[in-house]
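**Student:** What follows is each chain in one-letter form.
Number of protein chains: 2
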Amino acid sequence: MTATSFIGYSRGVHNGPLSHATNPATGEVMEPGFASPSADEVESAVQLAAAAFPAYRQLTAATRADFMRTIASEIETSIDAIWTRGTAETGLPEARLRGETARTVGQLRLFAAMLDDGSWLDARIEHAQPDRTPLPKPDLRSMLRPVGPVVVFCASNFPMAYSVAGGDTASALATGCPVIVKAHSSHPGVAEIVAAAVIRAAQQCGMPEGVFSLLYGSGRDVGMTLVKHPQIKAVGFTGSRAGGRALMDAAAARPEPIPVYAEMSSINPVVMLPEILAEKAPALAEGFFQSLTMGVGQFCTNPGLLFLPEGSESAFLEKLTSLIHDAAPGVMLNAGICQAYLDATNATVAHEGVEKIASEKIPAPGQGAPVVFRCNAATFLQNPTLTHEMFGPASLIVTGTWEQITAAANSLEGQLTASLHGTTNDLAAAAALMEILERKAGRIVFNGFPTGVDVSHSMVHGGPYPSTSDGRSTSVGTMAAYRFCRPVAWQNAPQEQLPDELKDANPLRIARMIDGKRCDP
Amino acid sequence: MTATSFIGYSRGVHNGPLSHATNPATGEVMEPGFASPSADEVESAVQLAAAAFPAYRQLTAATRADFMRTIASEIETSIDAIWTRGTAETGLPEARLRGETARTVGQLRLFAAMLDDGSWLDARIEHAQPDRTPLPKPDLRSMLRPVGPVVVFCASNFPMAYSVAGGDTASALATGCPVIVKAHSSHPGVAEIVAAAVIRAAQQCGMPEGVFSLLYGSGRDVGMTLVKHPQIKAVGFTGSRAGGRALMDAAAARPEPIPVYAEMSSINPVVMLPEILAEKAPALAEGFFQSLTMGVGQFCTNPGLLFLPEGSESAFLEKLTSLIHDAAPGVMLNAGICQAYLDATNATVAHEGVEKIASEKIPAPGQGAPVVFRCNAATFLQNPTLTHEMFGPASLIVTGTWEQITAAANSLEGQLTASLHGTTNDLAAAAALMEILERKAGRIVFNGFPTGVDVSHSMVHGGPYPSTSDGRSTSVGTMAAYRFCRPVAWQNAPQEQLPDELKDANPLRIARMIDGKRCDP
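As you go down the protein sequences, you meet chains S and Z in turn.
Under numbering that gives the first Met the number 0, residues 0 to 520 are what the first sequence spells out, in order.
Under numbering that gives the first Met the number 0, residues 0 to 520 are what the second sequence spells out, in order.
Please note: incorrect hints may appear among the correct ones.
Which copy? The list can't say, so a pair holds if one copy fits it or any two copies do.
In silico DMTMM-like cross-links for lysine to aspartate or glutamate, where the CA-CA straight-line distance does not exceed 20 Å [what the hints assert, rightly or not]:
#1 LYS355 / GLU285
#2 LYS279 / GLU208
#3 LYS279 / GLU351
#4 LYS502 / ASP138
#5 LYS355 / GLU309
Note that these hints are calculated values from the structure, not bench results.
Please put together the full structure from these sequences, using the hints given.
**Tutor:** Structure, rendered in structure tokens:
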């Protein structure tokens, strides 16, 4: 490992403070130390990205698609290095890292397929009507264009799929935006391996230097410098509510404010309805337990809140209690997350009226143990702090009357997901609750659990604040491409001055809207 | 006239300070005085909007389309009252007010047609793949949903098309968002006439109370209260850069930040290339003059900056100078705008190296006279304040070498439009400049002028900051619907729990994306 930043096609020099990863399972400090970039190196990365933008945005969609696919192949050639270093840096098992790498390359290829298809551009053509009264209509054509260099912050809990070449990087590169990645201090080695793969792909594909850089260093220093830089036009972030809000505030205070897409904090309410609880409480408890403890609960879609109607809860709770008692603690991603988990769960149980159902196993240092809390709806409604996310394998079960559960749902902040378990009869009776949940969340899950976010065209992984900074967007799936684009219109342009996507002959054979009607190629 | 706010289906009571319109042509203070709403009345309007949202958003698209069309018809029945009061309040001529009313009702009907068509919803269906490895794929469907109650600020320069029932109101109501309009103090009477038409339509169509309210009062007090209210989910604004930025900052500082769509400040650069100048300089000067002086220059698309290549400018300038010398002053919208115009033009001419070409007619009080300034590119590049908008019939002509013009274009802030005049040869030689302008602007106009914004599917009336707060959006045309929406996904939902737009049977016959492919109904 070189353990320095990637400044376009060059590497940084070792002259800053060194930062080491720590193996969360053993507490061992790992070599090498990664050098923070100098202010000049940060500036160079930005200037290279700004210089690359005019060339990169003008490449054909096919060329960008080829670049995305080459990144995917280069990552695949590094899979052994990724999981070897990754398991040590993150405590995640080999299977998870292999699976996450598969997701990452699949995501890159899905965006490449989106580029091939072309309909995402929302290309629109309206022909001139010189005889229209009272005013002639001009020829007017529009499509989406990239906004400019984007900064992507790596996520601690997705060292592959939401880090160096993860979702935000894939969507930004696909749309024509250069990317500067701010590496996460928890997995700098994985970041180097993946960044090297991206750079190899960029060089093989003849991309302009600066289309990709990766910077080490702290979020407060390097990260904030990037977010405030006038050449940066958008930000992607996955992490804590405090961290995301700090970026939002900095971006909004710029002379030229820019969008920040921060995925921050969600407790993902789950509601189980009476008839289905009567039918299969033990299976529901098993499913809930699996969703709660998967990946040691370190998912933004972890089910952190469960509503159970009073009188229907006993069989479910009996089964869940037994599962939790026997549940094994797991290594958490890093010491900071582990401590925050302890603090959050201690804060929850400190509320009067909150009962704790804990694992009987003692967690080793660095580990978090699954835990479930219980309270009644009155307690929940009186204590808004009970809605705070406990990042890890913890959830709060709230029991109450149907009216209380509806009121509690209505009191929630914005969520990534909301899940309902019910029979046909249950769901028919829950229309009012459903209406509330749909206004609160980005994705409504029926008879399932919120974990598991399919990377696809219809996925919405984004919801009203504070689950994300901007509920109009998704960070997973091809709709994420919209976040780094803006529409541009050409009025009365000669054919040869138009992008291929808007030419009458439709040389790229893409679906477009023509004179108000959607048209196949 | 009742001269009080519309709080849902009730009217406010006269208990606040009264505000009077002033006839800008005569300086006469007009009766009646319009009452500022009390804090309780503002709160009532918001609570009614919040209460209306769940019902309004669940109405069928056809019902909302019918509501839009009924608003249009009700406005048409009021046309005589509109132009009579409007000419006195704004100084705009009858023909303009009639034309703007036609545009306003056309815009409402265009959004109704968009609702009928349904493809704007971006409905997506992906069928389950239970056998997919390594993980089964769930059934996943998504479409756009409204964000919630929206506040719309009326624009002084578009008393109809960007005021009470203007573009922002039309797009918000179309997407399912209740609207609270903050009236502009320049044309409170027109606001009352149009609001009454909207309310009649809402009652005829059985809309939930609160789907529309209109509040008088000041922007700093009533406007800011609305923007900071937790039940408000988005803001539409057209006005000054300072006013728009104040709203952006307030919205970004909320506990739950919300999007502000502010259309603020643009100087709309025009570039004329050598060959076309040689061919038809007098006609270009005539066209430029018309665009500059139309509506006394009070358009956001007014051509406030013109680049002329050194050596090609003389015939153009000769003709333009003669037109400007003879140009008649015109009544401006209000005394504040008139004073600001004087201040801005005085500030421009105070720069060393800036020459003034003025009308020889003396403006009466309340009038603004067309004026053109000239400087060389070096002066322009050394004085960033020369890029400030002069709202009114004023423009700055910059001459320089091609390299200087390119550098000057590259130094510009974000713009609503950029226009190029050139022959085929000219345009072929200007590729580098075109690339720069496309990054700066929302709409590129070829061999035309920026004024005249067609209301259509392909129009982009939005550009990078500070032309608007959010260049990812347009305030004119059907793409404006996207500003008040967010995507929502349904996972494994039973058919009867899905919106009609996402049901397998496609009962609304709308275009959708199915398993990654765009499909006609």
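**Student:** Next, verify each hint and record whether it holds.
**Tutor:** Hint-by-hint comparison with the structure:
1. In the homo-oligomer, the alpha carbons of LYS355 and GLU285 lie at most 20 Å apart inside one protomer (18 Å), although the nearest pairing across protomers, at 80 Å, exceeds that limit.
2. Taking the shortest alpha-carbon separations for LYS279 and GLU208, neither the intra-copy value of 58 Å nor the inter-copy value of 43 Å comes in at or below 20 Å.
3. With identical chains, the CA atoms of LYS279 and GLU351 are never at most 20 Å apart, being 31 Å at best within one copy and 83 Å at best between copies.
4. Within a single copy, LYS502 and ASP138 get their C-alpha atoms as close as 12 Å, which meets the 20 Å cut-off; across copies the closest is 36 Å, which misses it.
5. Proximity of LYS355 to GLU309 under the C-alpha cut-off of 20 Å is restricted to the intra-copy arrangement: shortest distance 18 Å within a copy versus 80 Å between copies.
When each numbered hint is compared with the structure, violations occur for hints 2, 3.
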